[in-house]
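Sequence lines, in order, name chains C and E.
Taking numbering that gives the first Met the number 0, the leading residue of the first sequence gets 0, the next gets one more, and so forth.
Taking numbering that gives the first Met the number 0, the leading residue of the second sequence gets 0, the next gets one more, and so forth.
Since the hints were derived computationally from the structure, they do not count as laboratory data.
Remember, it's a predicted structure, so these values are computed and weren't measured experimentally.
Using N, Cα and C, we set each Cβ at its ideal position, and we do this for glycine too.
Hints are not guaranteed to be accurate.
Stated by the list, open to error - Each pair of labels, with its calculated beta carbon distance range:
1. E:A462 x C:D484: 32 to 42 Å
2. E:T208 x C:S72: 28 to 38 Å
3. C:D463 x E:T206: 49 to 59 Å
4. C:S297 x E:L59: 37 to 47 Å
What the hints assert, rightly or not - Taking lysine-lysine pairs in the DSS-like style, the calculated list, with each CA pair at most 27 Å apart, reads:
5. C:K480 x C:K223
6. E:K119 x C:K223
7. C:K307 x C:K79
8. E:K157 x E:K251
9. C:K226 x E:K285
10. E:K211 x C:K79
11. E:K416 x C:K243
12. C:K90 x C:K307
13. C:K277 x E:K416
14. C:K223 x E:K285
15. C:K226 x E:K416
16. E:K474 x C:K226
To be verified - Among the chain E residues that face chain C by a calculated CB cut under 10 Å, a handful are:
17. T208
18. I341
19. E401
20. Y407
21. N410
22. A411
23. P415
24. Q530
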Amino acid sequence: MMDRRKFIQNYLPAGIMVPSFVHGMGIKAFNPGHSFLNNLLLPAGDNDRVFVLVQLNGGNDGLNTVIPLDRFSNYVNARKNIFIDESKVLKLDGNRRVGLHPAMTGMQQMYNEGKLHIVQSVGYPQPSFSHFRATDIWMSASSSNQILNTGWVGRFLDEVYPGFPSGYPNSTMTDPLAIQIGSVTSMALQGPAQPMGMSISNPSSFYNLVNNQVDPTPNTNAGKELKFIREMTNQTQQYGGVIKAANAKVTVQNPYPTSNSLADQLKIVARLIKGGLKTKIYMVSYGGFDTHSAQVNSGDTSSGNHAKLLGSVSDAIKAFQDDLKYLGVEDRVVGMTFSEFGRRILSNASMGTDHGSAAPVFIFGTKVQQGVSGDTPAIPVTATVGDNIPYQYDFRSVYSSILANWLCVDNNMLNNVMLKNFQNLPITELGTCSVINPVGAVDDRIVLYPNPFHKTLSIQFKTDGGHTLVQVLDGAGRLIKILLDREFQAGTYKVDFDGEYLPAGIYYVRLQNMVFQKVKTALKV
Amino acid sequence: MITATSGLNPYTGTWDQDAVRHLLRRTTFGAKRSSISSFLSLGLQGAINKLLDDSFQLPLPPVKDYTPTSAAVPDTSIVAGATWVLDPATDGTVAYYRRAAFKKWWVLNMINQQDSLVEKMTMFWHNLFSTETNDVGNAQYVYKHHALLRANALGNFKSLVKSISIDPAMLVYLNGQNNIKTAPDENYGREIQELFVIGKGPGSQYTETDVKTAARLLTGWRINSTKIDSYFDVTRHDTTDKQFSAFYGNKKIVGRTGANAGIDELNDFIDMLFGVDEAALFLCRKLYTWFVYYQITPEIEAAVIVPLAQILRSNNYELKPVLRALLSSEHFFDVNSRACQIKSPTDMLIGMVREFEVSFPVATDYMTNYGLANLIVTYLTNLQQSIGDPPDVSGWKAYYQEPGFYEYWINADTLPKRLQYLDYLVNTGYTFSGFKMVVDVFAYAKRFTNPGDPMKLIDEMVAHLLPLGISVAHKTQIKKDILLSGQTSDYYWTNSWDTYISTPANVTNSKYVTTALTKLVTYLVDLSEYQLN
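Chain C on its own, in the form it takes in the complex (with noise of 0.2 Å):
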């Protein structure tokens, strides 16, 4: 209620009521407890585990972050102008194929320590070179002919969060779902209906956004972009001041390196799990590994602009958890570092590398499986300008098993989020899930069974009378079926949609009855 006092006492007249500007659609998901929903949820949360991403941009040169000590010669050979020196590459204790950019020191004492984990060739099968295909690729986790419009991290928060954002916050989830720091939503948090996550650059500034008198929003593509910026307006000013108390609580944290925005990126993420949100997912992302040129100095190959960036990758990620150790929250979080491909085998003579395909991700935390996942990646004896290096995991194996093994999602769920069933990699310390799928809320709006169905799936609704649609979207999102769409007595009804004939895939069942409207994932085997 304070922005809206500040909003009268400084933009009204001093002592008139303005009851037009006290009612209306904020309030009720304002306030937290008041939702006519929270009767319908279970305690969520139970676990108090986090998942921190972290987006390199541009392509990460996998061969050169994870230096292939036992194919050094093939590596030299690929690679005359741009090898690292042998005895520069830091060295991994226990492991003698592998060892790090010079520039990691950070990183290697945290696998040293324990606290990582590298996976090597991560990619797909027939990958796209594209930065902007593959990135969406990556967001999605779809495959490489597959285009979906729904983000990985979407898919999760919305099996975990039915609903949202209608009924949220409410006294179960009091926080934004995920946070990405920085000033553009991902892909990744898009939701079946909307992004489940929300932006922020700077917690502890949120300008005073005002509710004003709501006129109904026409039935246009004017009315659906209206009604797009009055919820965004909503979410932001409810979660405006958890982030902000969260923010404020937490005044002391250990050093991190100046001139690195990963590295403040990521002190603002340890700030705010300190200070107490129960936000499961964050994003940080970190730009520049699109290295065609130029990518080392040609007197010393340690140095130069790949150096510079891994460098600060890892004195950001190192001061992160020494800060969360220091803030005592370090078992709580683990973290992974991506990039949308790898570079070329073969590097160009501009002193670079070009568009290439699989590469090592690295999984961080003190719950992560000390150790090197994969074999180092062949490397030809005379590599040519094509070779690639052939995928070992596929990346959906990675979110897969973090999802799983870290965040205790179970089967069912697991196969709604990730649309097939993915190797599960040792990744993170295993049998920590004691719950068995401990998050979820009751949800009897839209009910799906058998879900993944193959021929007839029966689609149970609620509806609380008046205008009531049930259509069914394909993966893209592109309206399938119009079910039914009509007018209804409040209750429960049911209703079947043959599918035999659609191939197999992620659909979308969309209940709209008025003002709510519910989307939930139907698989399709």
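With chain C held as given, fit chain E onto it using these hints.
Positioned in the frame of chain C, the structure of chain E alone reads:
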């Protein structure tokens, strides 16, 4: 999904203020009240003719507004206020100041734009052929690149792509200058197909081999920083034949030798790219997303995109016939095409400065003008539209990223900032060198037909500022709460306004009028409706 079913038939509906405002909001950065009335009298065809007229003089180039005391090699030969665009300085600090001057100059051009499509189309090309000044570094290249876009804003798509391919800034940005026969760099060879001409639409079938082959064809181009121009070095050029895939009709471009090999092969390559149907379809989809909406349904593809692409091809890739057809179509004026864009940061901020006719110092006072423009540059950057520095080579997400498109401008970080900046320019203003850049709410109100009538004033302001409008009940509430201070009789406002006009020295009354108008304008620009375009 809501689908506008109308097509490219000329719009025959009413040519009223709403239609004019819709056209001007999409084709320029914000419409002044005076432009709205003059366009109303021109009629639709006259209005399109005016928007397509690019015969006016190009703006004078950016000038030196800095004193590079910390530069190792300061550009002392350029006097303050003179342009630097032809001076081949390479000092990093000097380049930094020049790039900053360029951005301020660009903002001033947008603010002072003609009622023409040139400014919006310059931004369109910047977004399409995205380059980043921070990566290019050399400010002279940055300006030259921008001048190329500006001079050809309403020109020919095909010839622009050809020029862009050997433009110094692009040769730096996508590594063309490092693309040599012994180790081709694929960056430009890929993006010219993926992002500039062919795209990734359903009909795009070029192959990875085409990318590599294009890279070989484009080998040998270099830059001369003294001449601020590119040149061709045949010793770096791959002279073998270039065999393209079935998508390009298995075209083989014969490898050339000699000084003209580069340009000859480039000509063949451009002809080949533009010989594919997808090229025109690609650009028309981009133009549609820029000027109309982002959802291109199969119906819109058939009724709008395909015929537009035919116009583009049959006019040998000249832009004007396509822009004319789209912007005068019944589809463009369809209710479903109106007010459905979310303002980009430039739409919003430059638009606001123009809508409210915020005054600036005389043009000769370049220092103050640049100083004020710098605030706008900073605001735009904080709102995620750093002009000259899009996020990457694909431009801003708002114009390509499924499924949200324009909605990616708005999030929990940028939305509060949008309101904060708007409020700042209405309530506080930004002062530089003693000159205040602020919305003059009184001058703004005075431009309406009868500002003493509170309902009429609100009606006209809402029509000017909010493309969707607001309800009568809402307007009545605002009138009562803001202009009438909670009273019910319109007389209170009329009396205050009349007194303000007749006796501005009445301090108490003047303060009341100014405060009420400031609140009114703040209220209107803070509405979600103001974010629509």
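Taking the hints in turn, this is what the structure says about them:
1. About 35 Å separates the C-beta atoms of E:A462 and C:D484, a value consistent with the hinted range of 32 to 42 Å.
2. A beta carbon spacing of about 30 Å between E:T208 and C:S72 agrees with the range 28 to 38 Å that was offered as a hint.
3. In this structure the supplied range 49 to 59 Å holds for C:D463 paired with E:T206, their Cβ-Cβ distance being about 54 Å.
4. Separated by about 42 Å at the C-beta atoms, C:S297 and E:L59 satisfy the suggested range of 37 to 47 Å.
5. For the hint pairing C:K480 with C:K223, the CA-to-CA distance comes to about 21 Å; that is within 27 Å, so the pair holds.
6. For the proposed pair E:K119 and C:K223, the alpha carbon gap of about 25 Å is at most 27 Å, so the pair holds.
7. Taking the CA atoms of C:K307 and C:K79, the gap is about 20 Å. The hint holds against a cut of 27 Å.
8. Of the pairs offered as hints, the one joining E:K157 and E:K251 holds, with about 20 Å between alpha carbons and a cut-off of 27 Å not exceeded.
9. At roughly 25 Å between alpha-carbon atoms, C:K226 and E:K285 fall within 27 Å of each other, so this suggested pair holds.
10. Note on E:K211 and C:K79: the hinted pairing holds, with a Cα-Cα distance of about 21 Å set against a maximum of 27 Å.
11. Between the alpha carbons of E:K416 and C:K243 the distance comes to roughly 16 Å, so the proposed pair stays at or under 27 Å and holds.
12. Straight-line distance between C-alpha atoms of C:K90 and C:K307 comes to about 19 Å, which keeps the hinted pair within the 27 Å bound.
13. For the given pair, C:K277 sits about 25 Å from E:K416 by alpha-carbon distance, which is consistent with the 27 Å threshold.
14. Distance restraint check for C:K223 and E:K285: the Cα-Cα separation of roughly 21 Å lies within the 27 Å cut-off, and the hinted pair is therefore satisfied.
15. Using a Cα cut-off of 27 Å, the hinted pair C:K226 and E:K416 holds, with the two alpha carbons roughly 19 Å apart.
16. With a C-alpha separation of about 20 Å, the suggested pair E:K474 and C:K226 falls inside the 27 Å cut-off, and the hint holds.
17. With a least beta-carbon distance of about 9 Å to chain C, the hint placing E:T208 at the interface is held under the 10 Å criterion.
18. For E:I341, the interface hint holds, since its Cβ comes within 10 Å of a Cβ in chain C; the closest pair sits about 6 Å apart.
19. Taking 10 Å as the C-beta cut-off, the interface hint given for E:E401 holds, the closest approach to chain C being about 5 Å.
20. The beta carbon of E:Y407 is positioned within 10 Å of a beta carbon in chain C (closest approach about 6 Å), and the interface hint is therefore held.
21. Interface hint at E:N410: satisfied, since its Cβ lies 4 Å from the closest Cβ of chain C, which is below the 10 Å cut-off.
22. A cut of 10 Å between beta carbons decides the hint on E:A411: the least distance to chain C is about 4 Å, and the hint holds.
23. A least Cβ separation of about 3 Å between E:P415 and chain C falls short of the 10 Å threshold, and the interface hint therefore holds.
24. A least Cβ separation of about 5 Å between E:Q530 and chain C falls short of the 10 Å threshold, and the interface hint therefore holds.
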